[in-house]
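> Hey, can you work out the whole structure from these sequences and the hints?
Protein chains in written order, with the working numbering: chain P, 1 to 349; chain L, 1 to 349; chain Z, 1 to 349; chain W, 1 to 349.
Which copy is meant is left open, because identical chains are indistinguishable; a pair holds if it fits in one copy or across any two.
The list that follows gives simulated cross-link-like pairs (lysine to any residue, SDA-like), each with its CA atoms no further than 20 Å apart:
1. LYS273 x ASN26
2. LYS140 x ASP219
3. LYS204 x LEU224
4. LYS33 x GLU60
5. LYS252 x ILE262
6. LYS204 x PHE318
7. LYS4 x TRP29
8. LYS273 x ASP349
9. LYS45 x ASN286
10. LYS204 x ASN289
11. LYS227 x GLU248
12. LYS227 x PRO314
13. LYS33 x GLY73
14. LYS33 x LEU65
15. LYS227 x PHE318
No lab work stands behind these hints, which were simulated from the structure alone.
There are 4 protein chains.
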Amino acid sequence: MQPKIEVGILGATGMVGQQFVKFLQNHPWFEVKWLGASDRSAGKKYRDATEWRLGGETPEFVADLTVEDCKPGNAPRLLFSAMDASVAGEIEQAFARAGHVVVSNARNHRMDPDVPLLVPEINPDHLRIIPTQQRNRGWKGQIVTNPNCSTVVLTLGLAPFRPFGITRVIATTLQAVSGAGYPGVPSWDINANIIPFISGEEEKMQTESLKILGRLEGDRFAPLPAKVSAHCNRVPVVDGHTVTVSVELAAKPSEADLRAAIESFAGVPQERKLPSAPARPIIYMNLPNRPQPRKDVERERGMAVFIGRLRPCPVLDFKFVALGHNTVRGAAGAAVLNAELMVSEGMLD
Amino acid sequence: MQPKIEVGILGATGMVGQQFVKFLQNHPWFEVKWLGASDRSAGKKYRDATEWRLGGETPEFVADLTVEDCKPGNAPRLLFSAMDASVAGEIEQAFARAGHVVVSNARNHRMDPDVPLLVPEINPDHLRIIPTQQRNRGWKGQIVTNPNCSTVVLTLGLAPFRPFGITRVIATTLQAVSGAGYPGVPSWDINANIIPFISGEEEKMQTESLKILGRLEGDRFAPLPAKVSAHCNRVPVVDGHTVTVSVELAAKPSEADLRAAIESFAGVPQERKLPSAPARPIIYMNLPNRPQPRKDVERERGMAVFIGRLRPCPVLDFKFVALGHNTVRGAAGAAVLNAELMVSEGMLD
Amino acid sequence: MQPKIEVGILGATGMVGQQFVKFLQNHPWFEVKWLGASDRSAGKKYRDATEWRLGGETPEFVADLTVEDCKPGNAPRLLFSAMDASVAGEIEQAFARAGHVVVSNARNHRMDPDVPLLVPEINPDHLRIIPTQQRNRGWKGQIVTNPNCSTVVLTLGLAPFRPFGITRVIATTLQAVSGAGYPGVPSWDINANIIPFISGEEEKMQTESLKILGRLEGDRFAPLPAKVSAHCNRVPVVDGHTVTVSVELAAKPSEADLRAAIESFAGVPQERKLPSAPARPIIYMNLPNRPQPRKDVERERGMAVFIGRLRPCPVLDFKFVALGHNTVRGAAGAAVLNAELMVSEGMLD
Amino acid sequence: MQPKIEVGILGATGMVGQQFVKFLQNHPWFEVKWLGASDRSAGKKYRDATEWRLGGETPEFVADLTVEDCKPGNAPRLLFSAMDASVAGEIEQAFARAGHVVVSNARNHRMDPDVPLLVPEINPDHLRIIPTQQRNRGWKGQIVTNPNCSTVVLTLGLAPFRPFGITRVIATTLQAVSGAGYPGVPSWDINANIIPFISGEEEKMQTESLKILGRLEGDRFAPLPAKVSAHCNRVPVVDGHTVTVSVELAAKPSEADLRAAIESFAGVPQERKLPSAPARPIIYMNLPNRPQPRKDVERERGMAVFIGRLRPCPVLDFKFVALGHNTVRGAAGAAVLNAELMVSEGMLD
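Shown next, in the form of structure tokens:
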């Protein structure tokens, strides 16, 4: 049994940081040894610096760690970034410059032309951009990102259909409140209500998804030559983003073709049995009114995307509904799976 | 001041029936004089036959009326039907056969080739099918219907765009629980959850909307030659169906063209100042995150449809969000406005 | 017809300020002419300074008023204070010192020994402390307060029982999210959840209620010699605080005595037909499962308190449930009714 | 390793039955071999007879079992009853008469003078009534019951205080919708609302709790000589009943005495390490605003009761808040723990 790899969390006291702590508890490869946060928290024990907002109380395995400033120094080589976008950009670069491997959930560098925007089941080869990134920037370290929480649900839902030539996609999201962080959406605004707007979200879905589903050609990313249109809505759901999708496919497959593609879909994380990889990344539910966020989102530790109601679309070719856990598969779990892929590639050796 | 027209309500004790009672309170033209319900309720006072489920207590103006069997006899000529689809079909026909004017919210006859499916701002001329209906069926009475609650929001939202040639529409609904009637959706299923399926709803939206937006050519309806694709979802909202819409328009108008079309849209109910007609049937909201069901749906007595976020769609031409009150503009209020239109046409003389 | 009395709102851009604006729309006696807010907003038009969070859009009657600094100067004599407690204390005093009549919803001065904590149906005579207040403080102006939003529901619910000698009260609240202001409670915390704690609320209910139900003896308040114990909870409800109450009564009345006391309860606002006074301040609902916040709280413009389920308590004497609108009867409407009472007393002449 | 004890479930297809199935999955002692339901379901496979309403899909370990009529015959000796009260009474008796050990969640026999109403940490000795029950009724089998879901939270919350002499209790519940079964509470009624009434619930809490906390004296139960008053409310929460409690204690202990009593509280299930027993049946949470149903109720597999905010009560002696999982500790898990206690007593030998 190998010693575990020491890891740190940038932005550990916030909501996303707490999600990382929870997800990394008992991780077989990674051991949380370092917690970074703002000046205000630095120097305190994690249990004192943090108002724990998830279930139960602050987990014991980190409760007595002292929170550090988010500055390179004594941090482990591998760092997960749970920082808010308002500060993540420069801090992540500082750590990468100092030689750290930064696996980030922040949006700042996702669309950079030399930064992988990774969904390990879809585009693991995008990691091959890293030498270019290091050369461009003169870094020993690196930054790897995962997509926006609604984008990961959409792209995993579409991934099995790639062989049939995705050309046009219209998606409407019904996004949980946990996607807005903390304090996030005021209950006055969302209780028994719908907010038909999430700032910047539609743009992210429309651009990030094409990068993810696109190809790495030499040292540049060629986005998928398709059109994506997103309608984003906040709904009074705790966890789990639901997405309704209509899709046009160049090869005009049958419904049976698509069902077979979903059933057989798997990726590198499944082949390599990465610790956080679900046995099957996409699970089709046959029940007529599923998947549903409250009832299904916690299955498979929140790491699978659930698909249901695949049927012909009178306007494009097919339509379906997809569901994924926004703070797990769409945030902390996504980043951890990215890091596991990188370990399996020998990038942390 | 003319005497009021006496009206009755078929299915008066149920949830939709209660909505009719509430909406008809203090109506300037109509006076509720007759309440029909199932055998179980017949013979009781309305206050005793009804478990009042709306705000406050059973309205006094009907509380002491005796509930009657749903059989022709002493009912007024003009009847609103709030009956459940499981029984509405035959009972409405029996009343029409007996000479009554049945203005129905039930789905049973909506798609009959000789029954108007009416949205007074869109297709008031569809009433001209009535002589054909009466001839076909040998009736002195008649049946007129209003659309399904999500369809009316979609069609009113699209109505201003008709001059630009609507060819393809993809719509996703976020529908309130009141749309499912009573007891409707169990709270166990919908609390903090999404149900991505409503039985029969997508089919209704995909067919009813084309009939409504289509033309009456002689004695037959020619549906709009367009394609509509619907994704229907139940959400934990009390009242108000939100619909996200992407639309393709043959004439390729500018966004300014569409905004102008929305601003200037009005119909016969507005011209004639029908009592339940909103001053403007479609209201565009400029706030970036509106309309919202809980905050906007009660405006204009629930009779307007609110539009927001009109913007280009990367896949079709434009996209926007629409909101309407499902139990008012999508049910009781719709039927009452239909009856007001019919009165203004002299059809109740 | 008399000219209207000009009024201003301190803290007009916040959530409570918006509630004042909404409640004062079309008020027969008062006309909003002045809106004060923080430096950040001063100089802007109200429509630009305010993110309107209630239904519809910013009301036209105030939208073009220019927001002023919260400093005495050109403000009308009568001011409603909707300020946050963090700043209300000193600003209200500055205005009172400058001769203004400050009718405040803030908590800062409620328990001051020379400030009335007014519920016009219960203790209108407490206004007689004002000369003492002015003498003590050397003011020409004055400060009058209304209670905390849960306290007003409890005290109005108990008011009819005062003749029977209230000695002990145990109350549990189920408080709506609007009671926490804006942004208030994060949706992450309250969606499908209960928070069994509201900072400072139990203390307020336990002390404010005894001052309100107590007597003004000469120039000092004698609190009711009773014990009140409160358990305060936040619940996922939009508007309306529900309170379950067990009460001990010295005179050991019968249930019929109490029902009669509720039915006949009225106060000075009803006698004088003040514009915001409900016809009956306390309405008993006979339905077995009412009152309910979502269904009943908007009745009577939110100014009545609803009582239900009066029954014997095995531990104290009787128990019942009470409901009131926390942002109307518990905030803006309470203050406006206070001002109306003061006008009717000639205090604004 | 011993062979597992075969068990059956009466009422297996309903909501409570599904909770039993879920809770018994992978149980170390019990193996579900028999599923009984109404005539309508009998003869079908469980997966076909059941509309699975919990997370995921119908568990595989029971999906292919054939559902049987609820009649004695081939059922195992040990049966869990998840039947609705409308039918449970007679069917349970028929099975007990036929020699079965019926461990029931139904309310029908709870208050029978010869039936134990068991909370294993509180009154395990009440099982000693069984010979009397069998003698009275001429049965070889027996019926053992667990309390109503809100009663179990109240009684476990009070249990540590028994040594101090509980004399008076006032409790207000905030009960989750899952407590009402399925379809249970219509979402129209409870969405963003409070229903301040649950039929029969207050009576159950006021009587069941005294039986549970009372003593078995010879062959009769002597209820605790105390007074309990309950206010029961339904709230829009999925799982978990919250109860606010004020309690009078004859011995006038200090707060520290009570905290110590809570910390040291354990019972027979903990001593014997019964498989479903939580390590500690009552967990005190120090965070100021906990326990909260959505965040805490799933901890300890739903088998612990969480206490918070212990503080002096101005009217009685102390007050606190308690939380428990109504469908686990208050239903399926309670019955399974009862059966484990019975096995550990040798009653299934």
